[in-house]
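J.: Using the sequences and the accompanying hints, generate a full structural model.
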Amino acid sequence: MNENKQIFSKIGFNYLLLALIPILFQIIFVNAISLIDFNLIKNTNIQILVSSLTNYILVLPIFIYLMRKIKSVTINKNGIKITQLLKYICIAIVFMMIGNLVGNIITTFIGNMMTNDVINPIEQLIENSNIYINLLIISILAPIFEELFFRKLLIDRTIRYGAKLSILLSAFMFAIFHGNLSQFFYAFLLGGLFAYIYIETGKIIYPIVIHACVNFYGSVASLIFNSATTNIAQEAGMANIADIGIIAIYMIVLIAALFIGLYEIFAKYNKIDLNDSKREVYLEKPLQTVFVNVGMICFILYHIVTILISLNIIHI
Numbered sequence: 242m243n244e245n246k247q248i249f250s251k252i253g254f255n256y257l258l259l260a261l262i263p264i265l266f267q268i269i270f271v272n273a274i275s276l277i278d279f280n281l282i283k284n285t286n287i288q289i290l291v292s293s294l295t296n297y298i299l300v301l302p303i304f305i306y307l308m309r310k311i312k313s314v315t316i317n318k319n320g321i322k323i324t325q326l327l328k329y330i331c332i333a334i335v336f337m338m339i340g341n342l343v344g345n346i347i348t349t350f351i352g353n354m355m356t357n358d359v360i361n362p363i364e365q366l367i368e369n370s371n372i373y374i375n376l377l378i379i380s381i382l383a384p385i386f387e388e389l390f391f392r393k394l395l396i397d398r399t400i401r402y403g404a405k406l407s408i409l410l411s412a413f414m415f416a417i418f419h420g421n422l423s424q425f426f427y428a429f430l431l432g433g434l435f436a437y438i439y440i441e442t443g444k445i446i447y448p449i450v451i452h453a454c455v456n457f458y459g460s461v462a463s464l465i466f467n468s469a470t471t472n473i474a475q476e477a478g479m480a481n482i483a484d485i486g487i488i489a490i491y492m493i494v495l496i497a498a499l500f501i502g503l504y505e506i507f508a509k510y511n512k513i514d515l516n517d518s519k520r521e522v523y524l525e526k527p528l529q530t531v532f533v534n535v536g537m538i539c540f541i542l543y544h545i546v547t548i549l550i551s552l553n554i555i556h557i
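Going by our numbering, the letters in the sequence shown line up with residues 242 to 557, in that order.
No wet-lab data here; the hints were simulated from the structure.
Treat the numbers as computed from the prediction; the structure is a model and nothing was measured.
Note that beta-carbon positions come from the ideal geometry of N, C-alpha and C, so glycine has one too.
Among the clues, some could well be false.
As the list claims (entries may be wrong) - Restricting the straight-line Cα-Cα distance to at most 27 Å, the calculated cross-link-like pairs of lysine-lysine (DSSO-like) are: (1) K328 <-> K246; (2) K512 <-> K444; (3) K251 <-> K509; (4) K509 <-> K246; (5) K393 <-> K283; (6) K444 <-> K509; (7) K509 <-> K310.
Unchecked claim - Derived Cβ-Cβ restraints for the label pairs, each shown as a range: (8) K312 <-> I473: 33 to 39 Å; (9) I465 <-> V343: 22 to 28 Å; (10) N472 <-> K318: 18 to 24 Å.
T.: Below, the structure written as structure tokens:
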């Protein structure tokens, strides 16, 4: 195995450990909590808090230690105007809607073939958890840690192979790491967008902010919107003015975001200039070098099995 394949193999193993180490932590926490009160581990909010603690906070220093063994490159830092940041948020919402639609169509098709409903885990999580837990975990913690894992720590170590390859790898690993088809497609599109923004700006704060806005829209804002629509449906002719206002604001923001996002995508697509100034290594067979190695194959196979389990194709 040549040096570059070894680097990507090491990256693959590191991200496999990023998935496996939290499971070990979770086993420890679940057993500890069950000793106090077994019913606590059945509480969705407790499950989310334990998952966040193990998947983000506890594993971060271990993962940083592992990734620091791989050479990194510092990306030049550039600021962007607030108007451009808002445009990126609109593009992200469009990508999320498109990816979510594709994911729902495919999972519904698979579910019909299997005569079995394929559950969307993120929808279950959002619907069954406390809105404040959603705000803290999904809208704040997840964007911070996921951008560090899949943009900052990954791209700093792969940008020397070129921006296109780095963006593709970041998007793919971010998408498959979710472990289900419902999220794979929009995670891939968003992961590519966040990677592009990080490479263009060199500042991880921008992808974090955009990621947080998208997650807030998909969790907290959607919960408030669904609650308002349910209230109106139940109250029939005596609709609450506050609920009407919530629905109106939600729809206005959504329509505006979709319009601006689509315009930016189609108007600026041909003007995208990927920053390859940090490219140091030219690979003759880039895809083969990146993906056909022991570490990356193990990483991909593990998450394929996870996806098949989520589709009820494999039972455990």
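J.: Of the hints given before, which are not true for this structure?
T.: 1, 3, 4, 5, 7, 8, 10
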